[in-house]
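Novice: First to last, the protein sequences are chains A and B.
Going letter by letter, the first sequence gives residues 1 to 114 in our numbering.
Going letter by letter, the second sequence gives residues 115 to 228 in our numbering.
Watch out, some of these pointers could steer you wrong.
[As the list claims (entries may be wrong)] Cross-link-like lysine to aspartate or glutamate pairs, in silico, DMTMM-like; alpha carbons within 25 Å at most: (1) A/K109 / B/E167; (2) B/K155 / A/D39; (3) A/K68 / B/E181; (4) A/K42 / B/E158; (5) A/K1 / B/E166; (6) B/K154 / A/D39; (7) B/K155 / B/E170; (8) B/K154 / A/D27; (9) A/K1 / B/E158; (10) A/K1 / B/E170; (11) A/K101 / B/D199; (12) A/K1 / B/E138; (13) A/K101 / B/E170; (14) B/K136 / A/D39; (15) A/K42 / B/E138; (16) B/K150 / A/E3; (17) A/K42 / B/E181; (18) A/K1 / B/E216; (19) B/K155 / A/D27; (20) A/K109 / B/E198; (21) B/K154 / A/E3; (22) A/K1 / B/E181; (23) B/K154 / A/D84; (24) A/K101 / B/E181; (25) A/K68 / B/E216; (26) A/K101 / B/E167.
It is worth saying that the hints were derived from the structure and are not from the lab.
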Amino acid sequence: KQEVTQIPAALSVPEGENLVLNCSFTDSAIYNLQWFRQDPGKGLTSLLLIQSSQREQTSGRLNASLDKSSGRSTLYIAASQPGDSATYLCAVRFHSGGYQKVTFGIGTKLQVIP
Amino acid sequence: ETGVTQTPRHLVMGMTNKKSLKCEQHLGHNAMYWYKQSAKKPLELMFVYSLEERVENNSVPSRFSPECPNSSHLFLHLHTLQPEDSALYLCASSQGYEGAAEAFFGQGTRLTVV
Chain A
1 KQEVTQIPAA LSVPEGENLV LNCSFTDSAI YNLQWFRQDP GKGLTSLLLI QSSQREQTSG
61 RLNASLDKSS GRSTLYIAAS QPGDSATYLC AVRFHSGGYQ KVTFGIGTKL QVIP
Chain B
115 ETGVTQTPRH LVMGMTNKKS LKCEQHLGHN AMYWYKQSAK KPLELMFVYS LEERVENNSV
175 PSRFSPECPN SSHLFLHLHT LQPEDSALYL CASSQGYEGA AEAFFGQGTR LTVV
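Full structure from sequences and hints, please.
Specialist: Below, the structure written as structure tokens:
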């Protein structure tokens, strides 16, 4: 079964800290992995997309890594700010019997305390 | 207007009502998606349209009926819903349905069934 797990479910850090969010998946046969941010009651904002052939992607203070063999991705946030407070979702596009299947994790709810 | 727009943002409906959710994308994409997000659950993919043809229907009850009249519009017609259908319904679009497609999401419609 192709599953995506995000740990921890919630995280609270003081402003300025560097932090790492984790995403693990059960099947290494993937097309890509995408990190999203979701503010309460809102839609998803795409942060970073990593193709299966890539090891990492960077955008500003965000860096996402991908290790297919171990089924893991991390989202690194440098110098966290209160505006980073949101739920961060990981989505994996799996190969699935000749088709594709996008599976989301349940998310990590991040709170950055001023 | 750019991006993916969903209307209405909030909807309250009785179990005997018929209503429709609308999604419009201004990104020139050719694939559109409906997702359901319930509290404390991962996003669930409901329907996928690629080039205006339905390519996925993930065991969704028939009280949900999608319609894709053209590549930039997607509807979700609702009738005789149940209280457990209350959730955030998210629309997304991408250029292409396979491989490297990066998904962009709307802000969602918060649906409450009473």
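Novice: Now look at each hint and say whether the structure bears it out.
Specialist: Hints and how they fare:
1. A/K109 / B/E167: 36 Å, violated
2. B/K155 / A/D39: Given that 25 Å is the threshold and the Cα spacing comes to 16 Å, the pair holds.
3. A/K68 / B/E181: Distance of about 36 Å is beyond 25 Å: violated.
4. A/K42 / B/E158: Satisfied, since the Cα-Cα distance of roughly 16 Å is no more than 25 Å.
5. A/K1 / B/E166: 29 Å, violated
6. B/K154 / A/D39: 15 Å, holds
7. B/K155 / B/E170: 20 Å, holds
8. B/K154 / A/D27: Status holds; Cα separation ~23 Å.
9. A/K1 / B/E158: At roughly 15 Å apart (the allowed maximum being 25 Å), B/E158 and A/K1 satisfy the hint.
10. A/K1 / B/E170: 18 Å, holds
11. A/K101 / B/D199: Answer holds: A/K101 to B/D199 is near 23 Å, not above 25 Å.
12. A/K1 / B/E138: 33 Å, violated
13. A/K101 / B/E170: At roughly 10 Å apart (the allowed maximum being 25 Å), B/E170 and A/K101 satisfy the hint.
14. B/K136 / A/D39: Holds - the C-alpha atoms of A/D39 and B/K136 are around 21 Å apart, at most 25 Å.
15. A/K42 / B/E138: Measuring from Cα to Cα gives roughly 16 Å; hence the hint holds.
16. B/K150 / A/E3: 17 Å, holds
17. A/K42 / B/E181: Within the cut-off at roughly 23 Å; holds.
18. A/K1 / B/E216: Holds, at roughly 23 Å.
19. B/K155 / A/D27: Judged against 25 Å, a Cα distance of about 20 Å means the pair holds.
20. A/K109 / B/E198: At roughly 24 Å apart (the allowed maximum being 25 Å), B/E198 and A/K109 satisfy the hint.
21. B/K154 / A/E3: 16 Å, holds
22. A/K1 / B/E181: 30 Å, violated
23. B/K154 / A/D84: 21 Å, holds
24. A/K101 / B/E181: 21 Å, holds
25. A/K68 / B/E216: 19 Å, holds
26. A/K101 / B/E167: 17 Å, holds
Of the numbered hints given earlier, the model fails hints 1, 3, 5, 12 and 22; all others are met.
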